[in-house]
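Student: The residues making up each chain are set out below.
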Amino acid sequence: MAKAKKHEFSITPSKCLAQLPEIPLDFSGKDTEDDFRRAELRHSVLDIAGLNHVTETAMVRTVVKNALGRLPEFEE
Amino acid sequence: MARTIQYFIILILVSTLLPSALAQSKPDTVEQDVVIVIPSNTKLTPGHYYQVKIDILGKTVAAQIKVPDVQPTPKPDTPPGMATPSKSLQQPASGATSSPRKPEPLNGTPSESSPPTVLKSDWIKIALAAVVPIILIALLGWVYLKIIRPRKQLQPYREALNYLYKKRYDEALRLLTEVESKLPDRLRRDARFFSAFANLQLNNTQEAEYILNALYRENSKEPNSAYLLAYIRVKGNRYNEAEPVLERMEANKQLDFHHARKLLGIVKFHRALTAFKDGRVDAAGELFEKVQALGDFAGQIPEDLRNRQVVLGTKALFEKDLVEASKQFESLQNAASKSSVSEKQRDALLATAKIGLALVKWLEDDFDGSIIEGLLVEAAKLLDPKGPIELPWPVDTTGKDVVEKLKDLDAETEQPAEKKEINHFLRGIHFLRGMAILRSWGKMDGEAAHKAITTQYESSLARFACSRARDEEFSDVILVVGLLMYYLHKPGSERSQGVDLLQQAQKFGMRDPNAMEIINNRERIERANADAVDKYLQVLDKYLHDDTVRKDIRLALMERLAKYKKIQSWEKCPDLVQARSVEPTLAEVRNRSEILRDRIDQILSSRSGAEEVDRIKKLSDDIALHGQKLYEQAKVIEKEESELLAETGNQLFKD
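Residue numbers (the working numbering), protein chains in the order written: chain A, 1 to 76; chain B, 1 to 655.
If you're looking for bench data, these hints aren't it; they were derived computationally from the structure.
Treat the hints with care, as some may be off.
As the list claims (entries may be wrong) - Partner residues aside, some chain A positions facing chain B, computed with beta carbon under 7 Å:
(1) C16
(2) P21
(3) L25
(4) A49
(5) H53
Heads up, the beta-carbon is just placed ideally off N, CA and C, and yes, glycines get one too.
Please put together the full structure from these sequences, using the hints given.
Tutor: Spelled out as structure tokens, the structure:
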């Protein structure tokens, strides 16, 4: 058969593919990000140590009670 | 183009048919070997020519016979009297009656000759004349079927591709569907690809994938359909289905085709994440190794996930499997010491191992703060040898003006990712050091804990300061220090600073109820203060307008208060230049003092506890005391005045 040369046509498969937007690597979902962070020691130091605002506050109050015998009142 | 082909065909026809036709029309003579049968008593002279006439089916043809010089040997099967072969004839047309051209004729008797012999070259010409038209007809047919007709059929295909080019996918798809079955094989495959592409652009992803899947099954080495198929699957987050297609492309060395390598990187990355979620740490490690090898997303693999011991140790820590965690981090420590990697990488691995071991110690029941402190300091030194391990707590962290803060922010934004990562790591390390001190402090018995307030408070703050130096917005450290300052100080500037810190922590996301209560309490006090200021200004206004207070006293008071913005912007501020003074009575002084003290007591009632308030109350009490004394003195004076008058009367009235 008489082969139609590709340049005879206004578009080729390769040109079509070149139009496609690049797919980014996206793992920013909350769950994924948490899993990801969780797998990393450097981002998990506080989690592993069980430290968060609640436990930290509790620890400070324990220390203060232990050292002062009581927690100061607001009015003081 | 089609017209050119038509001219070309006509030219071929003319150039091939014309010679044949001419050959047919041009009269010519042929030389043939023939057998002539003549009577036995007739002898032809060798070397002589005879003119003959040959009767061919009633048509007389003149011919010429030449008798060869050499007497021919009769053929075994030649009948007697037959002379063969004889001569070539110069035959004007066909058939002949022989007669010698010279010297003598054959007595006018026509000799009977054999049919003229046709030469080989003549046969070729005849064959060509017959075959060439057939070939030409076949050629014409082929040209029509394979060139002219397909070209006509290609026209809508071209139009379809033009639509595709112009992104008019609906029209392109309609034409492609119509023309596809009429196209030659190779173009038909392309047409199907274009249909899939148009479908994809029209969000008919399922249809597009169906076509591509068929194309891929037919020829998995063809990269266009393989790539688009993988692209659709990756875009749809169907990594497991995209993986075999991309792996086949890799096997076919087609990973450099468009973004095939990146697509495979994405697939492997997500599969690694899934493996992590499923707890298949080894599989995840292998997949991340592949991502690293592919290159594009190697930088996005978290540092710790590149080392399986770190991953396994971290997993064990989360699962509170301290034996396993300890084993993994000790193993990492040993391996890192002997590793041939760069010094920087080795130090990072060693630091990670030490932090892992410190966390094991933190989670153990028999908590030992000093061991943790030692491990964490080593880790900090490995990550940043010049970094401080103790700092004074910033007295005023909010003292920077906006320009300075913006500069700091710019500097932070410009930090390389690696530096940010290390800072993040170090802020956690130093914070854990500070918390380890608090934990040890909390375990002391009450008396020892009380005695250690100053040292433990300062030690922990020195570590928390290092943490904050790595991240000024780290809310955990601000919360803890704020609480310590609030709880461990009496009302005053340091406690107030503690509440300031809690408010900062709130801005950075802190919502701890205890801390929020402290903040809210201060806000309540501030609202009360706002009322108190109004009341105070009323009292001040009355006092400044009281002529029984000496003018110089009132001027001095205004001079002392003039530095405050509230006074500067006070609309009722009196002009004391024209003021006059009236000597007060004792009762006036006493009443004035009592009212003033009452008002001030009311104003300060919501501010109890602060040192300044105590001092003011003492002043108020002093005024009361002095007033009482003044009253007592007045009574004494009155009594003495009475005595004076009595004694003087006694003296004067002695009769």
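Student: Each of the hints needs a verdict: does it hold here or not?
Tutor: Tested hints:
{"no.": "1", "hint": "C16", "verdict": "5 Å, holds"}
{"no.": "2", "hint": "P21", "verdict": "9 Å, violated"}
{"no.": "3", "hint": "L25", "verdict": "5 Å, holds"}
{"no.": "4", "hint": "A49", "verdict": "5 Å, holds"}
{"no.": "5", "hint": "H53", "verdict": "4 Å, holds"}
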